[in-house]
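Whole structure, please, built from the sequences with the hints as guidance.
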Amino acid sequence: MSKRHVKDTPAVFSAQLRNAIVEVSCQQVPLGIVGRGLDDERLWEILGYASVNQTTIAGACQELARAPSGNTVREHLAATLEDHRPAVVNLEEALTAALQAQLPTGVRKRLRDQRFEIAMDLHDIPYHGQPAQDENEVRRGRAKSGTTHFHSYATLAIVHDHRRYELALTFVWADETMADVVERLLTYKNRLKLRVRRAYLDQGFCAQPVFAVLRSHRLPDLIPIPVRGQKDKHGVYHGGMGVLFKGRQGFYTRYTFNAGLPTAYTTEVAIVRVDSAGR
Numbered sequence: 026m027s028k029r030h031v032k033d034t035p036a037v038f039s040a041q042l043r044n045a046i047v048e049v050s051c052q053q054v055p056l057g058i059v060g061r062g063l064d065d066e067r068l069w070e071i072l073g074y075a076s077v078n079q080t081t082i083a084g085a086c087q088e089l090a091r092a093p094s095g096n097t098v099r100e101h102l103a104a105t106l107e108d109h110r111p112a113v114v115n116l117e118e119a120l121t122a123a124l125q126a127q128l129p130t131g132v133r134k135r136l137r138d139q140r141f142e143i144a145m146d147l148h149d150i151p152y153h154g155q156p157a158q159d160e161n162e163v164r165r166g167r168a169k170s171g172t173t174h175f176h177s178y179a180t181l182a183i184v185h186d187h188r189r190y191e192l193a194l195t196f197v198w199a200d201e202t203m204a205d206v207v208e209r210l211l212t213y214k215n216r217l218k219l220r221v222r223r224a225y226l227d228q229g230f231c232a233q234p235v236f237a238v239l240r241s242h243r244l245p246d247l248i249p250i251p252v253r254g255q256k257d258k259h260g261v262y263h264g265g266m267g268v269l270f271k272g273r274q275g276f277y278t279r280y281t282f283n284a285g286l287p288t289a290y291t292t293e294v295a296i297v298r299v300d301s302a303g304r
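Following my numbering, the numbering of the sequence shown begins with 26 at its first residue and continues without gaps.
It should be emphasised that the hints constitute simulated quantities derived from the structure, not laboratory data. No residue lacks a Cβ here, since even glycine has one placed at the ideal position from N, Cα and C. Among the clues, some could well be false.
[Claimed, not checked] Here are the simulated DSS-like cross-link-like pairs (lysine-lysine), alpha carbons at most 30 Å apart as the crow flies:
1. K218 / K134
2. K256 / K271
3. K169 / K256
4. K258 / K169
5. K271 / K258
[Claimed, not checked] Derived DEER-like restraints, expressed as beta-carbon distance ranges:
6. N161 / L42: 32 to 40 Å
7. R43 / T291: 46 to 54 Å
8. A104 / H148: 23 to 31 Å
9. R279 / L106: 46 to 54 Å
10. T281 / T80: 54 to 62 Å
11. G84 / E160: 46 to 54 Å
12. V114 / R279: 21 to 29 Å
13. P245 / G272: 20 to 28 Å
14. E88 / T281: 51 to 59 Å
15. E208 / V54: 23 to 31 Å
16. E88 / Q158: 26 to 34 Å
17. T80 / N215: 19 to 27 Å
Printed below as a string of structure tokens:
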């Protein structure tokens, strides 16, 4: 599904969008729900409405006419979707197929003939509960929304004509590395025989094993590097990437991650100077 910047196009759950979500989802991710006032079509309408309007299932049910209660929807979802790992993998395969089914014909025809810029992103959703079955369902990270526990997902998209088209998504388990996740997303890329001009990755992927994976696939990449290193009382870095923050102009240089270790990795980096407004 393509998307422009949210500031350019406010989300509206129009009849056209509703019908598109329901049609694709019912075809690619059939759930077989049959209940009083609830079937696959109605359920995907509720989930689509909740997603577009960034509300809860309960909130969507309250706002949509003649919708069942939020508890009813959650109970049917819980009975239909299993929590064990193989079931989650099967679900993400189906959801990925749903994303790819929405590719415009013109873009699909160009996939094998044209080189595209691709983007890989991490999405951490704060989670305040306990794992359903597998402790690796929940990853730890920097505090956000009052928790350090998250359900995490990674997505793969192409950029074409100033639009992003999401091609794949995958659940990120706590017991796997970012290199594992990137390899899995690249597997989806390879299935489409997608040719890549350059890969843009979220800074959460910035790690030596990921660099090695990208190099093994011969993919030019651009990844923001998190700033690490100790500052003194004057705000001057004395270690890590921060030691390069000198001067009044940006510049290119080379930097070695894990210097002095067997996992050392040297690559080109761009130091970009910005003003107080972030420009």
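Which numbered hints fail: 10, 11, 12 and 17
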